[in-house]
Structure formats: C-alpha cells, structure tokens
Amino acid sequence: MLELPKVYAEHIHIWLPELLSYVETTLRIAAVAFALAVVIGLAAALCRTSRSRILKTIAAIYVEVGRGLPIVVILYIVYFVPPQLFPGASWGWFNAFVGSVIGLGIHGGAILAEVFRSGIEALHSGQREAALSLGMTPAKAMAYIILPQAVRIVLPPVANYAIGLLKDTALCSLIGMNELMNDAKSIAFAEYQPMAVFVLAAAIYFAMSYPLSLVARHLEARLSFGR
Amino acid sequence: MRFFEVLGQKGEYFLITLLGGWPTTVKVAAGALVFALIFGLVIALLRLSRWRAFRIPAIAYIEFFRGTPLLVQLFVIYFGLPDAGFEPTPLQAAIVGMGLNGSAYLAEIYRAGIEAIHRGQMEAALSLGMTPARAMRYIILPQAMRTMLPPITSFSIVMLKDTAVVSVIAAPEIMFYARNLVTETLQSAVIYCMAGALYLCMTVPMARLVARLERSRRAWQ
Amino acid sequence: MAPLLQIVDLHKRFLELEVLTGVSLEVARGEKVSIIGPSGSGKTTLLRCINYLEKPTAGHIYIDGKLIGEKQVNSGYVHLSDRELAKERQEIGFVFQRFNLFPHLTALGNVTIAPQKVLGLGREEAEARGRAMLTKVGLAHKIDEYPERLSGGQQQRVAIARVLAMQPKLMLFDEATSALDPELIGEVLRVMRQLAEEGSTMVIVTHEIQFAGEVSDRVIFMDGGKIVEQGPPRDVLLNPQLPRTRDFLKHLQER
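Residue numbers (my numbering), protein chains in the order written: chain A, 2 to 228; chain B, -17 to 203; chain C, 24 to 278.
With the rest of the complex left out, here is chain A (with noise of 0.2 Å):
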C-alpha cells in the first residue's frame, strides 16, 4: 500500500489515458439510457394515473418487478434470455451496448415512474380545477398548467437518478461491455496491481458523480417554491 506512490509514478502516465478514453463510452450508455428511462418512466407514471383499469395494472406490475429485481439480474435477463427465448430471429445487431442501455433503461423507468407520479399526484387537485373552471380542456390544463408544476417538482430526484446511472455503469461490464470498469479490470490483472488500478477507477467515477451531485443539490434548493 505504502508503494502507492510510487507505482502511480511509474504507470499513471500510461493507466489514466487508457481509462479516461472509456469515459466516453460510460457517458454514452448513461445518456442513451437515461433517455430511455424518461420515456419509459412518462408513459408508465401516465398509465397509472390513466382511469383504464387495464394500463394500471400493467405499469403497477412493470413497476413493482422493476425495482424489486437488482439490476444486475435485469441486464442478465435483457441480454441473454430474448436470443434464447427465440432463436430463429436474427441478433446480430443486439450488442452489449444495446443490452445495457435497455436494461438500464428499464430499471430506470420502473423507478422514474415512481418519482413522476407522485410528481404529477402531488400537485393539488385544485390546480387542475382551477384550469378546468376557466375552460380550459384536459389537454391544455396538463400542458399550462400540471406538467410546468410537475417538472419542477420532479427534476431534483430525476438529477439523482442520473447520478446513480452514471455509476450503475459499471455494472455492465458483467455482460461484457467495454467501458471504464471493464477496461480497469483488464489493465488490473494484466498488470498485477488491482488496488493501484481499482483506486483510479474509483477516482475518475468520482470525477464524474460529485460535481453533478453538486449541481443536483443546488437544482434541489433553487427548485422549491413555497405554496
């Protein structure tokens, strides 16, 4: 451990490129994802405040099974069991960067759901009534006056979300995608030094999470208008 130092000296100049030009590939699952997971996570929070008994149902079950299984087991199930379940189609274009983005993207939107929903139900009912009274249409109080509300409500715990993404990442190594981790990994065992190497990995992580941790909690104390 003592050696630290000195093997950082020796190596850092040749580990840390190699690792920062993963970061992108990082960035870019967590972006694709993330995307994926705000669209998923709208239609599921619509559904269950829709009136259709039916698409209630079916988002609370998404839901509930989205964030009850950890995620590793989600990216497990994404990528290998649809190739199984039907052979004859062809998978050729189904890579570990597709398999990682759906299946963040959809434990990402059981657990956005949660976070628009109390969004959108949080909003006094006499707000929407309110827009309603003046004649306005369903559609139009949503779009004037619930979703601008909802938003600001909604973006602190989303800002999180995206934090938490950025580092659940690395668990796509587990089903062989190139990034940050998977790349510390190889330059780890290949050059016996796992805690040098995991060490830095961990360090660029951090360079990454904690400014948006900063911006995420300065959104939190700027977005809270009183009622």
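Keep in mind that the hints were calculated from the coordinates and are not lab data.
Treat the hints with care, since some could be wrong.
In silico BS3-like cross-links for lysine-lysine, where the CA-CA straight-line distance does not exceed 30 Å [said to hold, decoys possible]: (1) A/LYS186 to B/LYS9; (2) C/LYS78 to C/LYS110; (3) C/LYS140 to C/LYS110; (4) C/LYS110 to A/LYS141; (5) A/LYS141 to C/LYS249; (6) C/LYS89 to C/LYS110; (7) C/LYS78 to A/LYS57; (8) C/LYS165 to A/LYS141.
Put chains B and C on the given structure of chain A with help from the hints.
Just chains B and C, lined up with the frame of chain A:
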C-alpha cells in the same frame, strides 16, 4: 415453447441449486446491514459534530462511498487488499464492502432524520439541564428512529438487491450459482428468470411493508 | 327573456350520502343571489355542480336557456367529458375558497393564460386585458409578483381578476373569504361589492351574512340538500319564516 419444456424438466433441479445461494445472500445482506446501521450512525454523528476535525473526514467518507460504484469498491477490497497483506474471503469482502458503502447512505438517512427533529427539541432538552450527548440519546434519537423506519427499510431492500453484485467476487450467493448453472447447462433464459423470481419473492413483500409503514407514519403526523 | 341560470330538480349523491335532494333555482341576468346555510347543507356542492366540477346524479342545468353539461343520447342524457365541458365553462367564472392560483406564473401570467390559451387572444391583447382587470381589483402594482409573495387577500383578488379576464356571463363564488385572515376579508368583499354594483350576475356561497344582506337581491337558505327558504334579504335575514332558518341565524349571531 422450449422455455416451459425446460422449466418443467429441469426446473426443480435449477431451483434447488439456486436456493443453495440463498443463505449467502441473506448472510451478506444482513451482515452488511448491521454493519451499516452501526457504522452509519457513527459517521452521521461525526457529520453532525461541532468540530471540523470530525466533520470533514465524515463528509469525505460519505461523498466518496456515495460517489463511486459499489463494484469498484468491492474490487478494491477483494483484489486490492491482498497486496497490503489482508486476504479477505469473498464473504468477508462482500460484507465489509457493502457495509462501508451502506454506511455512507445510512449516514445521510440518519442525518436527515435527526435534523428533522433537532432544533426545538434539543433546545428544550438543554434547557432542562441535559448535556448535548444525553439530549441526543434520550430525546433526539428515539424520536428520529420512528420517522426513519421507512427509509431504513427501503434501504434494506436496496442492500438485498446489491448482493447480486457480489457474485463477481465469487461470493456464493444466488447470482453466483445462477451464472455457474448457465455455464453448465446453457439454459440462461429459464435460470435467470428463475433467479429474478427469487429476488422478487424477497423484495416485493418488503416493498409492500415499506408502503404500509409510510402510510402509518403519515397517519401519525 | 329566459333566466340566465336555471337549475331544475338537481340531485347529487356521493356513494351513500345524498348531498343534494332536489334543488330548483332560477337566477335572472344581473341578479345577485347569496346562498347561506350550515356546513353539509350542500351549498358548495350545488355551486360546483353549476360548472360541472361535480356531475349531478339527476336534474338539469341551463344557461341562457341552453342545456349544459349533458347531451341527449337516444331518450336519455349523458354527461359531457371535461374536454367537451371546456367550451361551456368559458362562460362561467368560478372563484375558489383556496384561490388555486398557478404558482409558476406571475399575477399577470395567471390572469392572461386562459384568455391566451383558451380564447386565443394574442399576447398583447391578453396582457392589456389582464392589466385592466388587475387594476380593477386594485393590484396594478403587483402584476409581476408570484403568488407566494402575495397575501391571501391579494391572491384572492388575483383569482377574481383571472375570472373577470374571461368575461363570463355568470360568476360563482365558493366561500371566497372563508380561508382569509379577518383583516384581509374586507378587501375581497370590496371587489365583490363593486362587481355587484356593476351589474354582474353572481351566485355567492358565503358565511358573511351581513355582506350577503347588503349585496344580494335574493338570499337562499339551504339545509339538508334542499332550499329551505328564499327571498329578499330583508325578509330572510330579518324576518325568517321557518324555524330552521331562525335557528341557523341565531347560532351565527351567538358566535
């Protein structure tokens, strides 16, 4: 479909094998939870302390363990420590790793719970002649515990799910057995779905419990 | 000429509870009607039925002779959806007990959003109208403030301006001052009195008996989901005929 054929033929064998990992799953989750509950309280109290010498390391600890992935932390402990002379077993590394990680999250839960009660109550306790320590022990913490029950239970569910990650450091829990089984039989669909179902059997009832706790807490207020 | 508002045998049931048990009422154009009564008497429910925030279980409502809130299907009636109701609600103004201002918009924003998005007015025209209405309620100096910076009385006046900007035929007030601190009630009542003097058609549910007496052409006493007694304020308030009315007024005076 082939899925149900395999399920029918080998299902029982798969299930029994997977359940072999269940004790470890529970051991790791419970061990890490206890670790985190105790150590998290320590960190929280340090975080809330008046002296910067205590506060700053606590903050650094929390930021670091919350700002880096659990996977990396586990790798550092399991693969990195042997360099320094400690050779943890997979189980030990899993519990320590998840425990340290969990402590950071629980410290924040504790802090939120304590701060929610803190102000007026502390003033009242101090006016009665209690030291801050006594006030914390007899007045603040007992009240905070009640409001913190739902977030702590929520967090236990997260712990349970995180045990799936420790399969990578060869801890013999459910996912570890699942992966070996798949390597052996190539029946990834049935096996992974079954593993998923096992997790759901644990997490869904707990999630319902949390919901019920939340509702009764709101009724309290 | 047909009365502006016609309510015919209105019933409303919530699960087991019959809240309105057959209410019929006519309000002429320019008439001001106050509704008083104990809580649970159904007066707020009646008001909310008029703009169909609550859907009646039975009975019909007509504005200017036209059936609202329902359409005829074969030999029966079917309630309209919120989307279909939007057009009819443009002509009815509703002032809520809890104001329900939109917190993400300024006072001017609150007043102009419906004229713009519902009536389709251009921004300049809507803002001109908005400024005029806010001036009318005495809040010209607060047009750019957000609701959280306004007092309760100011918020309610913005809410009234918001309704006025839509130029409704009929204005409904649901206990408009009940949620206000006593010293703020006066400024809202002043605005309501001004509207009354200008000839607005108003249906006011209120606990402010004295105000009801001063401003109304007709006072209605409701109890148990029915209209018990109604007439000019002089008659109902000073010389109530029925014992229930007398009891209610006596209780209020004792407070």
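Hint check:
no. : hint                 : in the structure
1   : A/LYS186 to B/LYS9   : 27 Å, holds
2   : C/LYS78 to C/LYS110  : 16 Å, holds
3   : C/LYS140 to C/LYS110 : 12 Å, holds
4   : C/LYS110 to A/LYS141 : 12 Å, holds
5   : A/LYS141 to C/LYS249 : 36 Å, violated
6   : C/LYS89 to C/LYS110  : 13 Å, holds
7   : C/LYS78 to A/LYS57   : 24 Å, holds
8   : C/LYS165 to A/LYS141 : 26 Å, holds
Violated hint for the displayed structure: number 5, the only one.
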